[in-house]
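Chemist: Construct all of the structure, not just a fragment, from the sequences and the given hints.
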Amino acid sequence: MFRILKKRRLAYGTHDFWVEAPEVAQHAQPGQFVVVRIHQYGERIPLTIADSADDAIRLVVKAVGKTTYELCSLKEGDELADVVGPLGHPSEMGKFGHVMMVGGGVGIAAIYPIAKKLKDHGNRVTVILGGRTAEQVIMRDEFRFADRILITTDDGSLGIKGVVTDAMKKVLEEDTVDVAWAIGPTIMMKFCALLAKEYALKIWTSLNPIMVDGTGMCGACRVTVGGEIKFACVDGPEFDGRLVDWDELLKRLTIYQKEEKEALEKYLKKVGEPSWL
Amino acid sequence: MAVKIQPNKTPMKEQEPEVRIKNFNEVALGYTEEEAVKEAERCLQCRVPMCVKGCPVQIDIPAFIREIRNRNFEKAAEIIKRYNNLPAICGRVCPQENQCEATCVVGKMKDHEPVAIGRLERFVADWEAENVGLKLPKLPDKRPQKVAVIGAGPGGITCAADLAKMGYEVTIFEAFHEPGGVLIYGIPEFRLPKKIVKREMDYIRALGVNIVTDVVVGRSITMQEILDEYDAVYIGIGAGAPKFMGIPGTNLIGVFSASEILTRVNLMRAYDFPNYDTPVKKGSKVMVVGAGNVAMDAARTALRLGAKEVTIVYRRSEKEMPARIEEYHHALEEGIKFKWLTQPVRYIGDENGKLVAVECIKMELGEPDASGRRRPIPIEGSNFIMEVDMAIEAIGQGPQKILLQNFPELKLNKWGYIEVDPETCATNIPGVYAGGDIVTGAATVIEAMGAGKRAAKAIHEYLSSKVIGHKT
Ligand SMILES: Cc1cc2nc3c(=O)[nH]c(=O)nc-3n(C[C@H](O)[C@H](O)[C@H](O)COP(=O)(O)OP(=O)(O)OC[C@H]3O[C@@H](n4cnc5c(N)ncnc54)[C@H](O)[C@@H]3O)c2cc1C
Ligand SMILES: Cc1cc2nc3c(=O)[nH]c(=O)nc-3n(C[C@H](O)[C@H](O)[C@H](O)COP(=O)(O)OP(=O)(O)OC[C@H]3O[C@@H](n4cnc5c(N)ncnc54)[C@H](O)[C@@H]3O)c2cc1C
Ligand code: SF4
Ligand code: SF4
Ligand code: FES
Chain A
1 MFRILKKRRL AYGTHDFWVE APEVAQHAQP GQFVVVRIHQ YGERIPLTIA DSADDAIRLV
61 VKAVGKTTYE LCSLKEGDEL ADVVGPLGHP SEMGKFGHVM MVGGGVGIAA IYPIAKKLKD
121 HGNRVTVILG GRTAEQVIMR DEFRFADRIL ITTDDGSLGI KGVVTDAMKK VLEEDTVDVA
181 WAIGPTIMMK FCALLAKEYA LKIWTSLNPI MVDGTGMCGA CRVTVGGEIK FACVDGPEFD
241 GRLVDWDELL KRLTIYQKEE KEALEKYLKK VGEPSWL
Chain B
1 MAVKIQPNKT PMKEQEPEVR IKNFNEVALG YTEEEAVKEA ERCLQCRVPM CVKGCPVQID
61 IPAFIREIRN RNFEKAAEII KRYNNLPAIC GRVCPQENQC EATCVVGKMK DHEPVAIGRL
121 ERFVADWEAE NVGLKLPKLP DKRPQKVAVI GAGPGGITCA ADLAKMGYEV TIFEAFHEPG
181 GVLIYGIPEF RLPKKIVKRE MDYIRALGVN IVTDVVVGRS ITMQEILDEY DAVYIGIGAG
241 APKFMGIPGT NLIGVFSASE ILTRVNLMRA YDFPNYDTPV KKGSKVMVVG AGNVAMDAAR
301 TALRLGAKEV TIVYRRSEKE MPARIEEYHH ALEEGIKFKW LTQPVRYIGD ENGKLVAVEC
361 IKMELGEPDA SGRRRPIPIE GSNFIMEVDM AIEAIGQGPQ KILLQNFPEL KLNKWGYIEV
421 DPETCATNIP GVYAGGDIVT GAATVIEAMG AGKRAAKAIH EYLSSKVIGH KT
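Chains as they are written, first to last, in my numbering: chain A, 1 to 277; chain B, 1 to 472.
Just to be clear, a hint being listed does not mean it is correct.
[As the list claims (entries may be wrong)] Computed footprint of chain B on chain A; a stretch qualifies when at least three of its residues, placed anywhere within it, have a C-beta under 8 Å from a C-beta of chain B:
hint : stretch
1    : 21-29
2    : 41-55
3    : 70-84
4    : 166-174
Just so you know, the hints here were simulated from the structure itself, not pulled from any lab data.
Bear in mind that the values here come from a model prediction, so they are computed numbers and not experimental data.
We treat Cβ as the ideally placed atom computed from N, Cα and C, and that holds for glycine.
Modeler: Set out below in structure tokens:
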């Protein structure tokens, strides 16, 4: 069993966990993820490893459906049935020069360990964090190590009023960038990749297709990259965003929409108002 | 013997097709004691039993059948268990028609079916579970050496059990949250109830084997860490990575691998959604591509999930079909349609990326290919369209790469499977053994078990001959 050691709410519907998982913690590298199953009736869901220390890993979860709602309702001391990982290839590391790290929403947590390690490798790190409102720009205090931070909000409550690609454009006009990462909602990553393509900039994106096992044994997570079928869990999850068939990925994310809605409705009927979010 | 032998196998009770297509319960219901004794009487008790030659683990078949005749069921179980740790499973899923029953002399007689060895084996195992319960052999004194088994499929658990019985400290590392390999995530409940697999896992644990789930070797723990800590290793990670034909439209909504459907339904219990959280797509008109056991299981699962029409398409003919004959008959009874000599060439989607039809081409059989089967060749201009809303590919699986990538020193053959000495299952690395599907490619439960047994014996010899001390 995998115990929740610490839990904290970062924003409405976004929660920060430290979970005891010694094997995972000892082997985790930036860019990797775990598959979590809450209890014996649960679904297996993938979550990025946002950090690790000693015997624990950090997960930052946004409630979007039945499993993530239920996960966010758990408390310190509760246990998860399964935590498997670290899965996927680690992010490519090295001294590249100037790197641009774009995080949107809960993707900010995924960008965090990669940016930190890139800094340790001696890169100049520019971070762009985006959210709908100031509250949704989570973890922004934790990026103090960065050389430059730009924040965007849809409503203008913090930083630039606009979306992350507005900030990307600003940086790309002022400065040369050697490589970029963009992690966030699929639609955000799509537009980041399109912009990067205009600037002939290599941009790593962490794809989030629906997964089951996370070990290459089901093919649910297949995506098209550079015209070839890849399994995101074992061939990725990071791919050069310029080569990804984004529209296909967006469509494939809707496969279980009907069932997801049914599951969440049934759950909310059982538990009532999700006041904990 | 002058007694007349019944030409046909004693029938086994089954759920009626109309009933069983609406549930996931086991189809075949097993023999009663009377039926088992009656079937046992069909055996000639050959002095040179051909059946034994057909069994990959060489069970003393006439001996256990004799005990059934004598109503000495417990003794029968004891005989089988000497050779086979998982009789309840093998009796259900072995392709007997290609193995023990293929060589049975009764089956060679004109108009006679072979002795129903598989059904008898199943009977004995179930009888023992019901009437005797868990019976542990006397375990020898503990030996100091530690063995790691990677993968809790039939091969890994057999190897682990045999080593535990010799006194070794054995740990199994399994990537999934439940042990059993294909027996848990692949073969459906209606063919192999999960409680039987669980029963066997309890037995393995009772032998003292430590089963650790949620560990992906190569990621959660590296091969090097295992080699540092254990005196010997058995790799039985199977060949579970699904292949796709790679035709246009493969990523449309509605196209799945059989592995995904079966994993959702079996491992994750998606047939009981939303009581279990994992959903599975229910098709209305379903095409399944391929004609092996995996295809039959996927087709019959789709039917039970509520499909109106399920069609299996196969590029060769009925004769070349690799599935167990019993599964094929069950599929026919349940109303699964078969289109032989047919190959999909393109998936067709609508504007939302949803599958609506499959373009297929008719095939004919040409000269025999490397596998000895006649090679299917497309008939030009014979293309036609089949309207379906779900397509499931069951055209084979390859090696899962996580461990292999983490262990590049391991020698592979040209198909990417691990190369071993067939006698001992030894790989090119001293102390590292491998067997089952990761060596042979997709094969059978009993062959994986056979490999696990041979490896356990070889590991024992290796560790006994080693002068250096054990690892701590
Ligand atoms: C490699 C990877 C890393 C991820 N890391 C994180 C993370 O660090 N934090 C986080 O909050 N989320 C992360 N996700 C997404 C997370 O897995 C999904 O939000 C979760 O599975 C939704 O489950 P649910 O039952 O709550 O919602 P559901 O009701 O199942 O789904 C709600 C919505 O989420 C989408 N969705 C469903 N399943 C998945 C899935 N497996 N992956 C992506 N989207 C899905 C659907 O399109 C749907 O619109 C990651 C996904 C992947 C593939
Ligand atoms: C749907 C289906 C139906 C079948 N029907 C039949 C049948 O009727 N009769 C028959 O005889 N055979 C049948 N087979 C074939 C048979 O199941 C296999 O040949 C047999 O299970 C192989 O056993 P194994 O021990 O080699 O590996 P598997 O059963 O494949 O088990 C391997 C295990 O290793 C685990 N693993 C993989 N990688 C790692 C890793 N890196 N770290 C830790 N664990 C890992 C996997 O999760 C899995 O649990 C069927 C197969 C399928 C898929
Ligand atoms: S293990 Fe399989 S092949 Fe051997 S006797 Fe039993 S059913 Fe036949
Ligand atoms: S070959 Fe057939 S008849 Fe002869 S011993 Fe074996 S099962 Fe009995
Ligand atoms: S999640 Fe199953 S293959 Fe990637």
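Chemist: Would you mind marking each hint as holding or not holding in the structure?
Modeler: Each hint, compared with the structure:
1. 21-29: holds (count 3)
2. 41-55: Result for this restraint: holds, n = 4.
3. 70-84: Holds: 4 residues of the stretch 70-84 of chain A have a Cβ under 8 Å from chain B.
4. 166-174: Our answer is that it is violated, as 0 residues pass the Cβ test (under 8 Å) against chain B, missing three.
Taken one by one, the earlier hints fail for this structure only at number 4.
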